[in-house]
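> Letter by letter, the chains look like this.
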Amino acid sequence: MDLRIAFLYPELMNIYGDRGNILALSRRAQWRGIDVSVDRVSIGDRIDPGYYDFYFFGGGQDKQQIAVSHDLQGQKGDALKEAVERGAVILSVCGGYQLLGHYYRPFDADDLPGIGLLDVHTDASNTRYIGNVLVESDLPGVGLIVAFENHSGCTFLGPNVKPLGKSLIGGGNNGKDGTEGAQYKTAYGCYLHGSLLPKNPPLADYLLTQALTRRHGPVQLAPLDDNAENLAHSQATERARLTK
Amino acid sequence: MRNPALVAAVAAGKASALATRLMGRGGGTALPGLVAHTIYPSVLRALTSQLPEGSIMVTGTNGKTTTARMLGSILEAAGLDPLHNRSGSNLERGLVSTMVDAATPGGGLPGSLRAGLFEVDEAALPGVLPAIRPKVALFNNLFRDQLDRYGEIDTVYRKWRDALPAMRPRSTVVLNADDPAIAALTLAPDLRATVFTFGIDDPRYSLDALPHAADSISCPRCNSRLEYSLILLGHLGHWRCPSCGLARPRLDVVAKQVRLHGTESSDLELETPVGPMQVTLRVPGLYNVYNGLAAVSAALAFGVSPQYIKEGLDRFTAAFGRIERVRIPGSNDNALLMALVKNPVGFNEVLRMLFPLEEREGLAAATPKHLMIVINDLFADGRDVSWLWDVDFEILSATPDLVGRVEVSGIRAGDMAVRLKYAGVDPSLIKLDVDVAGALEAAVRALPAGETLYVLPTYTAMLAFRKMLYDKGWVQSQFWEQ
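Which chain is which? The protein sequence lines are A and B, in order. Each step along the first sequence adds one to the number in our numbering, with nothing skipped, and position 178 is 178. So the number in our numbering is just where the residue sits in the second sequence, counting from 1, plus 244.
The hints are simulated quantities; they were obtained by calculation from the structure and are not laboratory data. Fair warning: there could be bad hints in the mix.
Unchecked claim - Only pairs whose alpha carbons sit at most 35 Å apart, straight line, appear in this in silico DSBU-like list of lysine-lysine:
# : chain 1 : residue 1 : chain 2 : residue 2
1 : A       : K244      : B       : K403
2 : A       : K244      : B       : K500
3 : B       : K675      : A       : K176
4 : A       : K244      : B       : K554
5 : A       : K185      : A       : K166
6 : A       : K76       : A       : K63
7 : B       : K500      : B       : K554
8 : B       : K675      : A       : K63
9 : A       : K176      : A       : K76
None of the values given here were measured: they were computed from a predicted structure.
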């Protein structure tokens with residue numbers, strides 16, 4: 001069995017250690033004997049919508065996000081949408097999440113267009129949500145998610161997406177409606193850094209299973225020794241409760 | 245000529261410092277500054293403008309404390325007893341406190357104080373630079389650090405650039421030419437100060453590719469992706485923009501030859517406007533070569549002669565907690581070496597210093613090194629531990645037997661242990677104890693005879709660790725001033 005991962009804009013959209021998500025997914029596949037390839041896909045590269053099983057799309061600095069927004073209009077954006085319709089998994093965090101939505105609206109500039117893969121839009125705000133967060137996930141078997149948020153964009157969900165979960169500690173999508181993240185079929189967006197997947201192994205395995213199913217049919221992942229991961233999870237949970 | 249507001253501000257500042265000490269709250273350096281600044285907002289300019297030789301200001305993400313200490317040693321050798329704020333008081337209030345403490349009740353400065361040497365926090369610089377208007381402002385580097393506190397590096401760059409026009413015409417900005425975000429500070433409009441640059445030409449310690457932690461890879465002027473003909477450290481190297489032509493500027497101080505000596509020291513051969521210089525730095529690692537180069541350049545720009553620069557660097561010892569060696573009493577000839585880690589680039593460079601390329605490639609024999617990593621997530625550490633995923637811990641598993649044992653501790657020990665596991669470090673070598681005292685005891689007990697324990701703490705972990713060593717009687721002082 002093999003897993004094909006695309007790391008979207010790795011040199012532009014990687015400022016919060018989010019590449020830990022790629023490491024976690026790769027290792028957890030390799031530890032189960034699955035071959036993993038990771039391709040870096042950046043500005044100007046074409047995407048074959050049938051090729052990759054898993055895409056990761058992280059956050060960047062403002063000026064990088066402008067270049068990425070531009071690059072996503074046209075073939076690449078369409079290919080990502082088609083990929084999701086064909087069962088590929090996309091995990092997006094922060095800036096990547098915003099660009100999968102309809103648009104990001106700054107205070108003093110034109111809207112930054114997204115690709116509308118997720119039915120969400122984001123407005124700039126004067127509040128910055130920074131801190132440890134806890135999310136009660138709506139995904140089956142995933143449970144409590146621990147992470148760190150750092151965003152001032154407020155994202156609002158439309159009717160064609162569901163939230164990723166309920167925000168227990170932290171600002172969530174917009175500081176108002178108590179939701180965190182969004183999901184449409186196998187596409188996910190959220191404000192969860194940390195890195196997210198390494199210390200939330202049930203979520204990592206949930207996404208890994210979905211990504212493998214696309215080409216290999218239903219798979220049953222062998223259990224791993226997650227003692228270290230579970231300890232990191234419980235320490236982060238404690239920090240979130242203490243520092244909220 | 246007395247300035248009544250200044251006299252009142254100094255008096256109130258001194259009184260609050262005394263009150264703090266009487267209440268037993270030692271070490272508090274911010275309150276007197278806050279009080280004095282509230283009474284007289286221009287207190288910093290009023291006091292620093294009295295320094296006859298002017299001042300040197302040092303900023304940058306990494307190496308501020310070490311570089312400022314090197315400069316302090318150089319200025320002392322030159323007979324210019326500098327007024328120097330110590331690390332931990334590098335925000336505006338801390339600087340004011342330092343000045344108020346040194347001032348006479350009449351608002352003057354003692355005649356023995358000739359020059360100022362100010363280490364300034366990156367975020368505090370835009371407020372402090374126009375107040376102090378230094379004779380020399382040194383910008384050493386700009387890396388990603390504590391995004392929850394400082395924000396993105398583009399933001400810091402813009403704030404620095406916009407503060408620079410406050411420099412006077414006969415002053416100098418000293419810039420690290422190898423850092424595009426620093427070199428591009430010359431794009432500041434109305435920059436009246438002279439520009440003086442330094443960099444490394446020796447390709448011996450170059451990297452094959454930009455590390456994951458590299459930040460400033462797009463052109464500060466036109467945003468295109470920069471090209472590198474040589475990568476030395478993080479995003480530092482020989483760079484140019486293929487689109488607008490902005491490039492690493494011509495150097496005033498050039499490191500022609502660099503030789504690193506493990507965890508001990510380095511030798512540099514420099515070319516300077518006043519001729520060639522050979523310098524020995526008693527601190528290890530390429531990152532300290534940049535700090536030494538920065539100190540030499542700032543000292544030359546300040547007008548110090550090469551003879552005093554060499555003498556000062558000869559006398560220099562590492563700053564508290566930055567690189568510190570301690571013999572472990574009653575042990576089997578064991579020592580402890582502590583090196584602060586606070587952001588991805590800094591951590592990468594400490595790892596490069598401990599595990600040189602020759603050892604990683606199996607070209608030089610090495611015994612496995614024993615590590616203790618202590619990760620806290622308090623405000624001064626940065627509350628977000630995501631940055632651990634940008635550090636290239638993968639080098640620890642590049643060759644077997646590089647690492648003997650890794651004791652992991654601190655508030656976020658779990659995150660650190662997971663990071664090492666996913667970096668491919670053999671899980672049986674990773675030992676975890678959240679309690680730092682227990683972890684140290686276990687790590688020391690496991691040390692083979694003659695081996696060193698390399699302790700890598702974040703900032704607050706370093707302070708706590710230092711206090712623990714003091715309580716054990718392994719070091720003589722737990723505070724900054726020694």
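> What hints, given by number in increasing order, does this structure fail?
2, 3, 4 and 8
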